[in-house]
Amino acid sequence: MNTPASFANWKLFWKRWGIGLTTTAVVVAAILYYYARTPQVTEAVLASTLRQSVPLVLGALCGLMGERAAVINIGIEGQMLMAAFVAFLVNVYTGNLLLGVTAGILIGALLGLLLAFMSVTLKIDQIIGGTVINILAIGLTGYFYKVGLSAHGKLNPIPLGPLAKIPLIGPVLFDNPPITYASIILVFVVHYVLFYTPWGLRTRAVGEHPRAADTLGINVYLVRYVNVVVGGALAGLAGAYLSLEAVGSFERLMTNGRGFVALAVMIFGKWTPLGSWGAALLFGFATALQTQLQFGGKVNIPPQFIGMLPYLLTIIVLAGFVGRARPPAADGIPYEKEG
Amino acid sequence: MSTQAHKTSPWEAVTRFGRSIAVPLGAVVLALVIGAIIIQASGASAWKAYEALARGAFGNAHGWQRTLEKTTPLIFSGLAVAFAFKAGLFNIGAQGQLLFGAITAAWVGFAVHGMPPGIHAAVALTAGAVAGGLYGALPGALKTYTGAHEVITTIMLNYIAMGFTDYLANGPLKDTTPGNIVARTPQILESARLPTWGWLPFGFLLAIVASAFAWWLLQRTTLGFEIRTVGQNPHAARYAGMKVARTIILTMVISALFAGIGGAVETQGVVGRYEPGFNANLGFDGITVALLGKTDPFGVIPAALLLGAMRAGSNQMQFKAHVAQEITDVVQALMLFFVAADMIVRWLLRMRAAEEGEKITLSTGWGSH
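Residue numbers (this note's numbering), protein chains in the order written: chain R, 1 to 339; chain L, 1001 to 1369.
The hints are simulated quantities; they were obtained by calculation from the structure and are not laboratory data. Keep in mind that the hints are not guaranteed to be accurate.
[To be verified] Covered stretches of chain R, as calculated for chain L (at least 3 residues, CB under 8 Å):
(1) 33-39
(2) 254-263
[As the list claims (entries may be wrong)] Here are the simulated distance ranges between beta carbons:
(3) L:Val1014 / R:Phe117: 33 to 43 Å
(4) R:Gly20 / L:Gln1187: 55 to 65 Å
(5) L:Ser1020 / R:Lys146: 38 to 48 Å
(6) R:Asn300 / L:Tyr1239: 53 to 63 Å
(7) L:Val1014 / R:Gly320: 48 to 58 Å
[What the hints assert, rightly or not] Calculated pairs, DSS-like style, for lysine-lysine (alpha carbon to alpha carbon, straight line, at most 30 Å):
(8) L:Lys1048 / R:Lys146
(9) R:Lys165 / R:Lys270
(10) L:Lys1294 / R:Lys337
(11) R:Lys146 / L:Lys1320
Because the structure is a prediction, the values reported are computed rather than measured. We put the beta carbon where it would ideally sit given N, CA and C, even for glycine.
With the rest of the complex left out, here is chain L:
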């Protein structure tokens, strides 16, 4: 948890790393095994299903591109959840923040003319991030000033964001090209598009940079120290003279910024416009990604890659092995269950109990500050 003061030998570092990924790895394996049992039970071949899934995700350049495209928003929403976790906050609102980021980026992308390509894309990204961040300030402020628990407020704000963006895409921002009857914004301009180099989407690189930024912010800045202290012990933080209220709001804003960029990247890099109902579960997926990645900014990347690959390959799986795509949701839920219930996994692996510092407490009662 905390940075070690004494020098560690390489072997120690390796074993520590091994121990730290044992639980997520065990959870993934267990979830895949149970998923296989469910697939077999419903009359299909689990082996064929997983093979088709893997081929769909990594079989060729196109597969890789789809996998990375699916991974990108998952990294961002996973980062959003993981970052808030560090301050003891549970941001289930990544979904809504992402929607606002996506539609704002789309709006800047199609409505602002005459900007040079790189600048236009950057402005749209920033606008998306700010929109998401501001939407995240709301539950943060509600928590600090009224004690309303962020789990409920962020979920309610998700529904409100869905309604609001739906309204925008149906009304003021609707695509008015002749013949269009569905709710969506116009296509963004070429100058706001994010490029894809070969099979490598630019957004994926951005997501890696964002992870590094989150790590730096948490581990190398005063704000990060305050965030972690508030997460571990708000009373101690207050006693030490930290402004807990300010830290909580700021954490929510930064967390939501990540979600907002995630939405913007999806719009500018993949979809090319805003359409309601895209990636409806990204907020919840972010929770799985964050916990699978042990709420570590870098741990989020492989976790998101795993889930992204499952999303990208599930089409092929349905097509070739006739297994419904939703099995990936089940496997994902099982992963989350086993990671959360790491007592079970540890017991199966005969490992010692989690050290005190590793536990995060979110539920010390409603409205406790």
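Chain R with its partners taken away, still in its complex shape:
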């Protein structure tokens, strides 16, 4: 090649980061523009974007933990719903928020265990296994829900000292309730675990070529079990977020399809934690915009149409990106040991 090394590097650099950098520049410019015009609305929309993205990014992390180990989790919706309910119930009867959140995480993990049992041990079709969890969650929460229960408080924002006082960035990033902070940290934790630890390497090996992984002495079943259970715990945290942080109460079917939207977020994020976070923020923005439009009352669109926005966006994303992003090679296929 005749091209000088520095030029080739530049091209490579651009190829790898170009789209990301351009998008970031455009987004930052747009935010600054709107902040200059209407600071309060911009702050409100951005803060709401981050908070709306929490259950989606946690759900997407749950989905990708499973799928990186080749287990499709379509039961995220049910895991979230059950966790939201149990977290709420525990809070109602103990008055403790932390206990409630812990219970939510545990019930999410338990349902993860059920999914792992169905799809890894029993080798039931994973889509059906997940659907079982969803229907079970609707049934159980509906049966045990009693109108009139109320939670003892909800998780409140914790301003991070002087950081929260920075204009624009402070109120958006550093004045959030605990699960919102946790979700951001978890994005990086999962990223680190998946790409920089032996466990992550094993997980990806199991997801791409379980036979080879098995030959190398990796316990395929164990890796799948652990990933799906940990994923379930993340979905459980998302559920606890919904009942104890976002709303401070439980409503029937309160997950409203977020578990499925999370799967689209995961696919849009190309099965990576950081990509999923970006996608979740985009979806969060769509939802935040939707609420802003609904209550701003400036535009004359029927509220039902505005409400469809996140769901339409999900379909568009799926239609546009599924073919282009490559799922783990063994995704959805039960592993049969030889001999």
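Assemble chain L onto chain R, guided by the hints.
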């Protein structure tokens, strides 16, 4: 699975039939037992609850009529799911397709005047079916042309259908009779109504005919053969020169047609108008019905009857035994679990593992064609 070439003795046929219903039956029994444990644990009498449930569903002519009315849409949504299953597609969108069928039938039912009774009803039914079918074409096309998995797209389309029909019932199609403040369409005309003979709703007969039609289509036509081949092995189907994309879209359309008629029948035979939020879980119930019926068009009927009876009798159960109606949802979910996890049931019944051909694979990864 496939039609047997050699002659089978009657006894063989009986034992095969027995084996084929053993798993669903075992699942139902296990689910009812666990349901009973939950009822007892929450401080009520399981026996009284189930007795009240059965009496409410089958105790008198009125009970039978309610049971059959509840069974009818379940047969249709179960058929929708079962039919798509045959092509390896998981149509969770029966809900949305049903809503579009229901509101379209209502619209034709109240807005078109001057048609003779039978014709008007038939036109409204057809309109409902077509509306549902077209809505089902969407996820089919999305799957074939973009690889977007139908499980997610159909669920998203359910939410969109809910929003859209809600908008229609609140806006352009709203009942404008003085005093009405709720979202609903006007009452349909008498000429678009489906009759009920004694305790037998006409819609139930339609559902039986639809099951027979689905069976005929799947087992006795070239299209049915193609659908089943695509479901078992899309690569082989493509290699054999079948148009897999066309088959997938067509399957979704037919599947959604069933759901659409289900909605239309509900509007014309039971509700008499469209109201948002009716039968909110029919789409999911269809999955349970389809799997309980072993995705067989005729198997769907007894499965739907069971669930329909539970729905019809749950009122009485709540009234007489003070058990919340939602227990039926729990029992239903458990049934689905045990049917899906037929390894557990088989293990409990000490039966041999499912033959290879009986398994349906839906989750060979996202976007795989």
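Hints, verified against the model:
{"no.": "1", "hint": "33-39", "result": "violated (count 0)"}
{"no.": "2", "hint": "254-263", "result": "holds (count 5)"}
{"no.": "3", "hint": "L:Val1014 / R:Phe117: 33 to 43 Å", "result": "holds (35 Å)"}
{"no.": "4", "hint": "R:Gly20 / L:Gln1187: 55 to 65 Å", "result": "holds (57 Å)"}
{"no.": "5", "hint": "L:Ser1020 / R:Lys146: 38 to 48 Å", "result": "holds (41 Å)"}
{"no.": "6", "hint": "R:Asn300 / L:Tyr1239: 53 to 63 Å", "result": "holds (54 Å)"}
{"no.": "7", "hint": "L:Val1014 / R:Gly320: 48 to 58 Å", "result": "holds (54 Å)"}
{"no.": "8", "hint": "L:Lys1048 / R:Lys146", "result": "holds (22 Å)"}
{"no.": "9", "hint": "R:Lys165 / R:Lys270", "result": "violated (35 Å)"}
{"no.": "10", "hint": "L:Lys1294 / R:Lys337", "result": "holds (28 Å)"}
{"no.": "11", "hint": "R:Lys146 / L:Lys1320", "result": "holds (19 Å)"}
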